[in-house]
Structure formats: C-alpha cells, structure tokens
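Novice: So the protein lines, in turn, are chains A and B. Numbers 1 to 222, taken from our numbering, label the letters of the first sequence in order. Numbers 1 to 219, taken from our numbering, label the letters of the second sequence in order.
There could be a bad hint or two in this list.
Claimed, not checked - Cut-off 20 Å, straight-line C-alpha distance, at most; resulting in silico cross-link-like pairs (EDC-like, lysine to aspartate or glutamate):
hint	chain 1	residue 1	chain 2	residue 2
1	B	Lys97	B	Glu37
2	A	Lys74	B	Asp77
3	B	Lys203	A	Glu12
4	A	Lys74	B	Glu81
5	A	Lys74	B	Glu76
6	A	Lys70	B	Asp43
7	A	Lys101	A	Asp23
8	A	Lys101	B	Glu130
9	A	Lys101	B	Asp114
10	A	Lys130	B	Asp114
11	A	Lys70	B	Glu81
FYI, nobody ran anything at the bench for these hints, they're computed from the structure.
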Amino acid sequence: MTKVLNHHPTPEMLVEFSAGTLDTATSICVASHLHFCKCCRDEVARLDEVGSQLMAISSPETIDDALFDKVMVKIDQPQPVAEAAPAPKTGISGFPVHVNKLIHNASKTPVWKRLSSSMEEAKLFTGQNKFEVALHKICAGGVTPKHDHRGLEYTVVLKGSFSDESSVYTEGDFIIRQPGDVHQPMGAKNGECICLSVQESPIKLTSFLGFFLNPWLKVKPA
Amino acid sequence: MEKVRATVDKKPQSAPKVAFFKSTEKRDDKWSTLLVEVGESQDRRAFAELFAHFAPLLKSFAQASRQDGWFPGLAEDLVQEVMIKVWQKAGGYNPQKASATTWIYTVARNCRIDMLRRKCNTQHLPLENEDFWHEPDEETPVSLLRQKRTEDHVKQSLGQLPREQNEILRKVYLEGKSHAEASQELDLPLGTVKSRVRLGLQKLQILVAPEFREELLND
Ligand SMILES: [Zn+2]
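Please build the complete structure, drawing on both the sequences and the hints.
Specialist: And the structure:
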C-alpha cells in the first residue's frame, strides 16, 4: 500500500475533498485514488487540520439545554439494528469500499456492456447527473479506438494497468483528461485492466450548446 | 513495478522507530482525554463535558454553511447527529492519530455534507460522505509525527495569516464554497482564488508538492 504513484489529483481537488465541497462524482474518484495513495491520504489528513482549527476558533453559539437532554434520551434508546446496509463482503478484492458499495447497489446493479472487441463498460448509479460514472474493462493487450474527449474526464486505475502515447498507468493512478485531449489507451499484455471513470455528461454539453444556439437562430432574419 | 519492490524492501529498516515515537504521539489535551474516556467506559460525565464544549462550536459550523440545501433547522439537527455519533463511535477514536477536535470536526464535516445533499436531492443517494473515508491506515511513525507537527503548526499560525488568505480558507472550509464559487462571490479570477488558498496552506506547511510528499513518506 505504500506504493509511490506518479499521477495524483490536483491540490485543489484535495482541498475541496477535505472541505467537503467537491461534487459526488469527483469525490468518488479522489477517494479511489486515496485508497491506493498514502501520500495523498496524509496530505488530506493535514488539510483536515485547517477545517478543524477553523471550527475550534469560531465563535460558539448558544445551545438550548433541552438539546442536551434530547441527545441523552436518544443515546439511551436501543440502537436500531442494521439501519444501514452492511458493507458488501463480496466486493472485488482490492477495490475501495465505496466502489464495491456502488457495484453492489441493491437497487441498481451495474451491467457490463461490450463497447468494442477489447473494452466493456458498466455504468454506476451514483444519484447525481453532473457526471457519468462507469467502470471500464480493457482486456489484456486490448487496443481501444483512438478517441477525443468532449468533456472533462477523470480516470482511476483500480486493477491492472494500461498505457497510452505518453505514459503507463498502474493501480491508483489518477488521470485527468481535458476536453479536446486525444488518446488511445492500450491494456497491458499481462492481464485485464479495470478503471473507474467519471465523464462530464454528454447530455449536459448538448443542452449547453442548445441554450446558446437557439436564441441566436431565432433572431436570424428569415 | 520496481518502485513497489523498493519501498517494500525499506520497511523492515524503519520498523524499530515505531516504539520510539508511539509514546510521544498520543494527544493528551483535555478533550482528547475525555473522548477516550467516553470510548473506553461510556462515561456520561465526560460526554457531558464534551457536549458543553463542542455543541456550541458545531452549531456555529452548521450556521456558517452557505451551501445549497441549507435550512434553518440544520444547526440543531447537526449538533444532535454529530454528538450521537461521537457517543456511538468514540470506541474507535485513536488519540495517536488525531486530536478529539479534529476527529469530531471530520464527523461534523461528513454529517453536514450528507444532510445538505439529502435536502437537495430527490434521487436516492447510494453513498454517504463517510463512505469516502474508510481507508484503514497503517500509520507510519513518520506520518504520525508529521501529522502532530501540522496540528501544532496550524494552531499557532492560522491567526497570523494575511487577512485575504484567512478569508478564503474560511469561505472554503466553513461556508463550504468551492474555489469556483468563491471566485464568483469575491469577484476574483479563479486563478487568484486558487493561489490564495495555496499560499495560505503553504504558510501552514500544508500542501506539499507530490515530489516532496514522496520523500516525506519514505524518509
Ligand atoms: Zn496521490
């Protein structure tokens, strides 16, 4: 676990993750990276000290005595048994807990779909629609079609490794693709590779263009 | 692959340090001691003292939020939910890893996000923020020592930051603004907001560039 990785989230992402202001989908990726990266975990622990200290020196608010009594009553009540679903035990070994929880989501079980001869995709339900969150599986030695990115994309390698024109990415590596980046990932020869990826929803891009184009078309003289 | 082997090989050499640092790393401030008592023996008097100190701070933390989903009852709900979690989870608190203040802050941060998300979302949310913080950590003596140093340093230096850096950190951590939101609100370019945050954090000796972080990990 003390493996040294080369591709990390940006410092801003770690700050927002620590402050709790990072959106859910990006948090899923950052937390997946943290599962593999001790130095970013330590960094986040240091960042937490800032929030902690800011809270500690903030001016205290008055608390109604009744609130303490309420809390005491609640802690005396017997614990509701199994209020939250227990963490899945059948998850993919080595995967972060939260990813396994998404894979074993009882209400929406992901399904693998073939995208090409060398690649499969399983969309994950995350309760948000700013980003599309999915697992991608590249078979050993698989070459995926060259593609460009319409929107921002984050990828974290969860199992195995893959490479592209610029680098080799191994378990835990966090890859950021800007809109317009073109690349062609290739699975490693020695085994399948599974990645978690978060992509700006294509739907969002369409509606964004639609919003700007439609009014313009309207005022255009016929 | 070679890198992996290299770090594994180093492990046995650093093992003896553990015993040396262990005794010095334990937090022994009043609140951490009380939290240990709650965890070990469900001590109600200790819990009442923690409540008297932290509930007013938690309420203040809830009211500072300027996030979507904020509602007037958030403060009281948050105080209750966090303090009940403190009671239930105190057994898992490790004073070597963090102070009670930091431990309780992280519980509060996660609760606050979840309460706000639940308020904004009509969809079922399969994850809670706490799910992102499940990494069991095999703490190394170096990381524990570094963590304690950061804690002390943040305590001493936070008040001495230039006003604008202090302001931006409060926006991010207390009000819960993203960098982008803060830039809109302060009418500053995003780059300026990012660099203010970075400068502030670097003065607190946080945010170490990745290449140096690796050294910290292995020295
Ligand atoms: Zn990292």
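Novice: Each hint should be assessed against the structure and marked as holding or not.
Specialist: Hint by hint, here is what the structure shows:
1. B:Lys97 - B:Glu37: Within the cut-off at roughly 16 Å; holds.
2. A:Lys74 - B:Asp77: Holds, because 13 Å separates the two Cα atoms, which is no more than 20 Å.
3. B:Lys203 - A:Glu12: holds, 16 Å
4. A:Lys74 - B:Glu81: holds, 10 Å
5. A:Lys74 - B:Glu76: Cα-Cα ~14 Å, so holds.
6. A:Lys70 - B:Asp43: holds, 17 Å
7. A:Lys101 - A:Asp23: Status holds; Cα separation ~18 Å.
8. A:Lys101 - B:Glu130: holds, 12 Å
9. A:Lys101 - B:Asp114: holds, 17 Å
10. A:Lys130 - B:Asp114: Roughly 17 Å between the alpha carbons, so the hint for Lys130 (chain A) and Asp114 (chain B) holds.
11. A:Lys70 - B:Glu81: holds, 11 Å
Every hint from the earlier list agrees with this structure, and none is contradicted.
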